[in-house]
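Assemble the whole structure, with the sequences as input and the hints as a guide.
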Amino acid sequence: MWKWFHQWGSPPHFYRRAGKWLPWLGGLFAVFFISGLVDGLVFAPADYQQGESYRIIYVHVPAAWMSMFIYMVMAVCGIIVLVWRMKMAEIVLISSAPIGASFTFLALVTGSLWGKPMWGTYWVWDARLTSELILLFLYLGVIGLYGAIDEKRMAGRAVAILAIVGAVNIPIIHFSVEWWNSLHQGPTVTKFDKPSIHWSMLLPLLLMAVAFQIYYVWALFLKVRAELLQRERNSRWVEELFRS
Amino acid sequence: MKRLSLSQAFAFILRRDLLIALRNRSELANPLLFFVLVITLFPLAVGAEPNLLARIAPGIIWVAALLSSMLSLDAMFRSDFEDGTLEQMLLSAHPVPVLVLAKVTAHWLVTGLPLLLISPLLAMMLGLDEGAYGILLLTVLIGTPILSLIGAIGVALTIGLRKGGIILSLLVLPLYVPVLIFAASAVDMASGGLSAMPQISMMLAFLFLSLSLSPWATAAALRMSMS
Numbered sequence: 003m004w005k006w007f008h009q010w011g012s013p014p015h016f017y018r019r020a021g022k023w024l025p026w027l028g029g030l031f032a033v034f035f036i037s038g039l040v041d042g043l044v045f046a047p048a049d050y051q052q053g054e055s056y057r058i059i060y061v062h063v064p065a066a067w068m069s070m071f072i073y074m075v076m077a078v079c080g081i082i083v084l085v086w087r088m089k090m091a092e093i094v095l096i097s098s099a100p101i102g103a104s105f106t107f108l109a110l111v112t113g114s115l116w117g118k119p120m121w122g123t124y125w126v127w128d129a130r131l132t133s134e135l136i137l138l139f140l141y142l143g144v145i146g147l148y149g150a151i152d153e154k155r156m157a158g159r160a161v162a163i164l165a166i167v168g169a170v171n172i173p174i175i176h177f178s179v180e181w182w183n184s185l186h187q188g189p190t191v192t193k194f195d196k197p198s199i200h201w202s203m204l205l206p207l208l209l210m211a212v213a214f215q216i217y218y219v220w221a222l223f224l225k226v227r228a229e230l231l232q233r234e235r236n237s238r239w240v241e242e243l244f245r246s
Numbered sequence: 049m050k051r052l053s054l055s056q057a058f059a060f061i062l063r064r065d066l067l068i069a070l071r072n073r074s075e076l077a078n079p080l081l082f083f084v085l086v087i088t089l090f091p092l093a094v095g096a097e098p099n100l101l102a103r104i105a106p107g108i109i110w111v112a113a114l115l116s117s118m119l120s121l122d123a124m125f126r127s128d129f130e131d132g133t134l135e136q137m138l139l140s141a142h143p144v145p146v147l148v149l150a151k152v153t154a155h156w157l158v159t160g161l162p163l164l165l166i167s168p169l170l171a172m173m174l175g176l177d178e179g180a181y182g183i184l185l186l187t188v189l190i191g192t193p194i195l196s197l198i199g200a201i202g203v204a205l206t207i208g209l210r211k212g213g214i215i216l217s218l219l220v221l222p223l224y225v226p227v228l229i230f231a232a233s234a235v236d237m238a239s240g241g242l243s244a245m246p247q248i249s250m251m252l253a254f255l256f257l258s259l260s261l262s263p264w265a266t267a268a269a270l271r272m273s274m275s
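For the protein sequence lines, the chains are A and B, in the order given. Counting from 1, position 26 in the first sequence corresponds to residue 28 in the numbering used here; the numbering is continuous, with no gaps. Counting from 1, position 161 in the second sequence corresponds to residue 209 in the numbering used here; the numbering is continuous, with no gaps.
Be a bit skeptical, because a hint or two may be false.
[As the list claims (entries may be wrong)] Cross-link-like lysine-lysine pairs, in silico, BS3-like; alpha carbons within 30 Å at most:
no.	chain 1	residue 1	chain 2	residue 2
1	A	Lys154	B	Lys211
2	A	Lys5	A	Lys154
3	A	Lys22	A	Lys154
4	A	Lys22	A	Lys225
5	A	Lys89	A	Lys5
6	B	Lys211	A	Lys225
7	B	Lys211	A	Lys89
8	A	Lys225	A	Lys5
9	A	Lys5	A	Lys22
I should point out that these hints are in silico values taken from the structure, not numbers from a laboratory. Predicted, not measured: the structure shown is a model, and the values here were computed from it.
Here it is in structure tokens:
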């Protein structure tokens with residue numbers, strides 16, 4: 003296991019391995035994404051309350067899940083950076099941030115588009131929407147801090163600390179926003195009162211969730227490879243790569 | 049030279065920072081003036097209707113406190129960073145988190161405490177319900193140290209940057225959200241004649257959590273910034 007860990011921690015190894023994985027990931031993503039989308043938009047039954055408009059759930063919910071998952075990945079990378087000073091973890095951390103921010107933004111936009119037919123307005127200060135918005139700010143803070151520090155190794159450690167501090171705060175923020183919301187607004191229309199969701203609706207949701215996960219790894223590998231080339235542009239392995 | 053014990057070192061830094069602040073009165077007054085000014089802007093913007101002002105008073109006071117504490121954050125480490133004192137602090141034999149805590153305490157005494165003293169006056173001007181004054185003071189007393197503690201992490205991360213100001217607010221303000229929510233709603237509750245104890249307890253929990261975690265994160269960030 004440690005050998006595996008060390009191998010992936012070496013930039014040239016990561017670059018080559020990730021390059022081999024890329025087409026597979028892209029293909030898998032396409033399979034899951036298309037089947038999930040077709041299943042969700044065409045075959046899944048319409049909701050008895052919300053009709054057809056609920057189908058945005060197949061983009062909204064996986065995006066929201068990813069937005070939280072990616073921040074967790076970043077926090078774990080942050081710990082690895084601070085403990086083992088691993089360069090790859092820094093790069094994975096900072097390459098994840100824009101992807102996570104995009105998913106958060108996607109979740110916000112689809113959420114507000116869903117809100118229009120359901121609540122009659124694009125934006126309500128709903129607990130989930132609000133804490134998702136704050137999550138977006140946290141992502142932008144990470145990206146902004148990394149961009150502001152010129153020395154990239156130092157920037158990597160700075161965002162590692164920030165990611166961990168943010169991860170400690172996310173549950174607190176989420177909980178307090180939820181509490182605030184229940185205090186300030188009466189019961190609003192809840193999205194899904196139903197205790198469980200029928201499998202014919204659940205299946206496309208899971209397919210889309212897997213598709214988004216694969217997309218994340220795929221996009222992450224692409225970004226990490228680009229970042230590696232830029233950071234290691236003076237090293238021998240990059241030179242050899244471009245000579246051959 | 050005789051070696052300082054840990055508590056002596058703490059007291060020494062605290063005294064030194066307070067002395068510097070006292071010799072530099074304008075920096076002492078600026079956050080306070082800013083606080084008063086922001087609050088003055090609200091009646092001008094939303095109208096001077098007493099009922100409306102009384103209703104939004106807790107929110108106004110707390111947003112102003114948040115902004116004023118954020119603006120004064122940069123002073124916490126700036127001059128020490130520039131003249132190299134910070135480097136000596138990191139090199140000293142004492143644990144850095146404790147020294148950080150001393151600096152945060154000094155910063156709070158200089159910027160947080162004046163807010164505590166002036167907030168009843170502003171609450172009166174905004175027509176806040178009189179029963180809520182005690183709770184307002186309590187939230188400011190508990191809340192502003194949390195702001196200083198969380199802010200210290202942000203300052204430590206951005207101290208090496210030439211233009212750290214904007215990025216600092218981006219880092220720190222989202223983390224201030226829970227304090228704002230609980231403090232404003234505690235005052236809200238109290239002005240409605242309800243018990244604010246749940247909110248106060250939560251704020252105390254935040255205070256102890258940030259008190260125990262933030263100095264370590266700040267120390268790590270300072271080491272990063274000085275490397």
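Here is what the structure says about each hint:
1. Lys154(A) x Lys211(B): Holds. Lys154(A) to Lys211(B) sits at ~17 Å (cutoff 30 Å).
2. Lys5(A) x Lys154(A): Holds - the C-alpha atoms of Lys154(A) and Lys5(A) are around 27 Å apart, at most 30 Å.
3. Lys22(A) x Lys154(A): holds (27 Å)
4. Lys22(A) x Lys225(A): Holds. Lys22(A) to Lys225(A) sits at ~15 Å (cutoff 30 Å).
5. Lys89(A) x Lys5(A): With a Cα-Cα distance of about 16 Å, the restraint between Lys89(A) and Lys5(A) holds, given a limit of 30 Å.
6. Lys211(B) x Lys225(A): holds (27 Å)
7. Lys211(B) x Lys89(A): holds (26 Å)
8. Lys225(A) x Lys5(A): holds (24 Å)
9. Lys5(A) x Lys22(A): Between Lys5(A) and Lys22(A) the Cα gap is close to 19 Å, so the pair holds against 30 Å.
Checked against the numbered hints listed earlier, the structure breaks none of them; every hint is satisfied.
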